[in-house]
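Dock chains B, C and D against chain A, hints included.
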Amino acid sequence: MIDFGYTIWIPLIPILMFLFIGLTGHKYKPVISGYLGTLGLLTSAALSYYTAYQYFFNVGKVAGVYEKIIGFNVTWLRFTDTLHIDLGTLLDPISVMMLVVITTISLMVHIYSLGYMKGEKGFARFYAVLSLFSFSMLGLVLATNIFQMYIFWELVGVSSYLLISFYYEKPSAVAAGKKAFIVTRFADLGFLIGILMLSFITGTFDFKTLTDPNGAAIMQGGSAAFLGLSVMTWALLLIFIGGAGKSAMFPLHIWLPDAMEGPTPVSALIHAATMVVAGVYLVARLFTIFALSAPVALEIVGYVGGITSLFAAVIACTQNDIKRVLAFSTMSQIGYMMLALGVSGYGGEEGLGYMASMFHLFTHAMFKALLFLGAGAIIHAVHSNNMTDMGGLRKYLPWTNITFLIACLTIAGVPPLSGFWSKDEILVAAFEHNKFLFAIEFLVAGLTAFYMFRLYFNVFWGKDRHYHHAPHEAPPVMLFPLVFLAIASIFSGFIPFTSLVTSDGEAFHVGTEWIVAIPSVLIGLIGIAIAWIFYKKETAIPDKLASSFKLLYKGSLNKFYIDEIYLFVTKKIIFALISKPIAWFDRHVIDGFMNSIAFVTNFASEKIKGMQSGQLQQYAYVFVSGVVILAFVFIYLLKF
Amino acid sequence: MDILTLLIVIPVLTVIGILFCKDNKQVRVVSAIGMSIQLIQSIIVVLMYFAERKAGNTSEMVFTQTYMWFSSLNIKYAIGIDGISAVMILLTGIIIFTGVFASWNVKDLSKEFFISLILLATGVFGFFISLDMFTMFLFYEVAVIPMYLLIGIWGSGPKEYSAMKLTLMLMGGSALLLVGLLGIYFNSNPAGGELTWNILEIAKVKIPIEAQRLFFPLTFVGFGVLGALFPFHTWSPDGHASAPTAVSMLHAGVLMKLGGYGCFRIAMFLMPEAANEMGWIFIILTATSVVYGAFGAVVQKDLKYINAYSSVSHCGLVLFAVLMMNKTAMDGAIMQMISHGLMTALFFALIGMIYGRTHTRIITQMGGLMKIMPFLSVCYVIAGLASLGLPGLSGFVAEMTIFVGSFQHVDTFHRIVTIIACSSIVITAVYILRVVGILLLGPVKNDEFLKLKDAEWHEKLTTVVLICAIAGIGLAPLWLSDTISTSLAPIIDKISSASIF
Amino acid sequence: MTSNQIMFAIFSGIIVLFSILTVTTKRILRAAVYLLFVLISTAGLYFMLNYQFLAAVQITLYAGGIVVLIIFSILLTSHISEKFEATEMKKSIFSAIAAISGAILTILTILQYPFVASQAPAKEVNMDLIGKSLLSYNVDGYVLPFEVISILLLAAMIAAIVIAKKQNAK
Amino acid sequence: MINSGIPLQYFLVLAAIMFFVGVYGFITRKNLITILMSIELILNSVNINFVAFNKYLYPDKLQGHFFTLFVIAVAACEAAVAIAIIINIFRRFNNIDVENVDEMKY
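Chains as they are written, first to last, in our numbering: chain A, 1 to 640; chain B, 1001 to 1501; chain C, 2001 to 2170; chain D, 3001 to 3106.
Isolated chain A, as found in the complex (with noise of 0.2 Å):
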């Protein structure tokens, strides 16, 4: 048995690199903040391979089920005898493969920074923030408990505030990071009553013993308490709605596009690769007690997911700014991740939901990141996010072109690249359990090969626009992760998922299931052929089809007007209705009682101050009749 111990590393290094470009970063020349970051995250990224490496094919497995294994625990604050939040690092299938993904990401996301974010001001504060997320999101996946998870959880909300605020003399951008940070705040709230109503009802929040699918815990709060749902149920509910806020599942899903804001590696690294999948991360984490405690709350994690993807996927039909194509086109993803978990059983092949999820939230980190790494490089020789400033493209930037070509037909499923695989294994989780959801998947997956290709047609085909100087190809700093992950997209298809990553840990085997898998390469590819003919030339086609179904396309356009519910909700009725009138409230009612008493206080003696007359013959006559009256009082009436 190999001592996990040393896993502590592999959050500590990014942290250690944010105190100190944090603290000294101003002290010398910028770009070496950079190569600090880089340098402390390709360790952390070398340490994580070993790591996966040791713990799938050396120590992992015992009897063929692979364990839970804590590799070190500390007591960081204490409760209850029972309820204590630790520190540590928890090792299992989604947490190891997890600390891949992320490392690898980040540590690409490092190296394009170093190119894409050349002479920008606060480049130290980049790398500095950019280390903090990393550390974050690394301490998020290893949690040994659910208290040490929200704990990450909030600290990857923050840095993700300060990624996308850090253009921070830019309005818009200030107001994304606050969206942001607000909406999932919100979010986390339902996360937080969830947890102190977990651990009520069970009394722990440490992973193991919830997860453990013979342990008391998951025997608990089976019973009904409100709304016919058991209180169990209720708790899941609510920790998802925590886990929905930051993986934008609909309706908490209007801060995803407007984070687009930040610079684009951070899009990449934040928001399409690594924290939004937290909350599928959290679904997968806690997956054993959604399943068989609570399968309610699993079929709604199983909605939301396929109704997010499928709006998400509307959306991302018509916009015009790539990168909130790239962002919509995230939420319909992870949409489909959360649909997977929810048409998931626990245990061997029941379990091929929960193994299709993880598996797409590996290949689609790896394909999205490049999709968002690619729009960095394109917007970096563009200058301009929006696709009407962009017209082929194709001449200018080869490389970018064959990547992005390579990430489109992954996410569109065509085989043999990743894509393919993972989203097959879920269509065919939703075709054996819920043929409603395997409908709007199958749409949806037709719908994304459109999309993506109406962007990819629109970028680097269609027609020259004047620029105003010619775009030129990215420096090799960026090149080599576009290279990179497109080798990664290309390939990650072929990990057997089935055998490392699984719900009870435990191999299973599935064969492809041609039912599925070839009409669902038929809708891809009818949608990049349909993106094909109305984009790869100017063609009217698209005008047309808009003003036929106005409605529709003026709804997807503005994201159907979500956004504005929101703003009136928000502006309206918190601003206008709650705090405005409390702070008039507070400042008239309440404190005018307050001075209404000193008002009394100063009324009464103003009032009676005319009994202080001055009038030496006054008092006396006061004095003798009060003297005369209270000796009466005295002596006749009381008999003293």
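Heads up, some of the hints might be wrong.
Derived lysine-lysine pairs resembling DSBU-like cross-links, with alpha carbons at most 35 Å apart [to be verified]: (1) B/LYS1107 to A/LYS121; (2) B/LYS1159 to A/LYS607; (3) A/LYS121 to A/LYS395; (4) A/LYS572 to B/LYS1022; (5) C/LYS2165 to A/LYS639; (6) A/LYS121 to B/LYS1451; (7) D/LYS3061 to A/LYS609; (8) B/LYS1107 to B/LYS1054; (9) D/LYS3030 to C/LYS2090.
Quick caveat, the hints were computed from the structure, so don't treat them as lab data.
Chains B, C and D alone, transformed into the frame defined by chain A:
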């Protein structure tokens, strides 16, 4: 002289030293030296406390001393500390130390200013070490009265009004409190025999329930006024807005804690049965404080008002947790006092520094300060993050302990109220980010501000000390939490014996 | 009616009558003179009670000293012929009610209380005893009040001078 | 008693009447000197009480007697100071109405 009395003697000596000073510079230096010694002394007290515990002293209070000073009412100068008072003393030490540096630039009547400020701190130290209710009350008044002068003379805005309001409301609270304390005193020996003011002795007897019903609310509200209990919190926005920087720091940072500490040490500890019966009323009030203060802060425009309302919300959480009557929640309450003390002091220090430069506190008139004064801005962001409960800073530790503790309550009512109180974390995020967004980020609104300088050495010292303390608690909370919960054990024993749940 | 009773009746009659006149007369000098009668009659009462020294003091100090002082100040501050305006009806009625009801209350109370006269032999109050008592610091000695009152007298004299002294015109 | 059939109550009643007459005067008169005279009446009535009590209830003691003595001395002081004050007031207002002296109002 024993170590605890020294805590009072040093400030008094400093005050005497200031009396002999000739100019601003000397006053500052003497105050700084005195308060540095005081800080070191506070640290020593805490260390000695640990040493004493390590040596196996398990009595409830250590370093106890008793001297009679008014024998006909059996009023004694009885002192002693447990883990809770030890950490509160440390908090006070840190804040008065930073407060002196934050008021480095006070020019008019600086002698009188520092005398009042340090006198105030003396009262606070005395309050925390007292075991005798009357002596405690005496120190409480010593701490409250200089506030009037400090705000009324060195304040800004409608200072006389604010000073008057603050002092009158606090005095009103004191009046209730005095009645409550007298009530406890006259019931301190229901079996007959000598009456006592000593908290530890009273804790051994059970005050008759009828008396508790009468005096618990008086005591709780009396202390609650200082702890900004809704609806007696309105002195807080006005008072803080008008007070000079160091006074806001000390007031929000420490004085408001006297309220929470008193509620906990006297009202809850000595009258648990009544607390049990009537707790729900105050739980509703405090939960209202928490949410209401947060909502109130959302729309304010003046930095100090925002912070004052935020203090209402956070201090409400302290009282809320105290009322939950279980160890974890109370542990959280004490930590929240310390955490809020540090971060609100940091906030007010920063606001004072920003105001000293821009001469406005209206956030909409400022913008893009991050570019002009990055150091102060980053500190402000850190303070904000601490306030909204970012893990790794003290706020998170305290709030989570409170929430987890409160939610462990077996009664459903308490759990539901906890959920309501939890919702404040979202609203807190809203107003903190709103301020950060408007004030620090975005484009620079006023070109005049571009000339302003970043922090000077004494300002850096103030903020860095506070941030270190905040981060220290946030990163390694276990020692603090364990110290507090160990000391809470006897208190909880007494309280839980009265529990009806 | 013994002669004593007759004397008492006369003295008390004078006292009551002239007291009332003192507070009601419209001419101030007359008030002073009426007061003098009252004080002298009081001295008479003291004589009746065998307190000759006290009676003497009463006549010299009160009747002789204070009243003269009062008359001097009257002469300093008022015209002799000056008449007071009549007191307002309302004021005098209310005052009278207060005073009379107070008097009735007091008198009723006095009359209801059974005072038991002491049968102890009366002390002969001669000058010797008075002088010794005043300077004695034993039980029943009055040296402390005596000293105090002398200081008070001194203080009062100085105070009177200081107060009445004309202030320098500024 | 020795005192020949005059009960104590007579003295007390007399003193009470005198006292309240003095009170009446104090309340109604405007002239400060007459007010002073009323005070003398009041003091005098108290003196009578003291003396009478001394004689009737504690004939073997002299407290009442001496108290009266001291009261007379105090009355003398009081009269002296009062008249000094009255003269000052006269200088200021040119009359000695008590109504002028209301500096101490609110």
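So, going through the hints one by one against the coordinates:
{"no.": "1", "hint": "B/LYS1107 to A/LYS121", "result": "39 Å, violated"}
{"no.": "2", "hint": "B/LYS1159 to A/LYS607", "result": "27 Å, holds"}
{"no.": "3", "hint": "A/LYS121 to A/LYS395", "result": "31 Å, holds"}
{"no.": "4", "hint": "A/LYS572 to B/LYS1022", "result": "58 Å, violated"}
{"no.": "5", "hint": "C/LYS2165 to A/LYS639", "result": "53 Å, violated"}
{"no.": "6", "hint": "A/LYS121 to B/LYS1451", "result": "20 Å, holds"}
{"no.": "7", "hint": "D/LYS3061 to A/LYS609", "result": "49 Å, violated"}
{"no.": "8", "hint": "B/LYS1107 to B/LYS1054", "result": "47 Å, violated"}
{"no.": "9", "hint": "D/LYS3030 to C/LYS2090", "result": "14 Å, holds"}
When held up to the earlier numbered hints, the structure conflicts with 1, 4, 5, 7 and 8 and fits the remainder.
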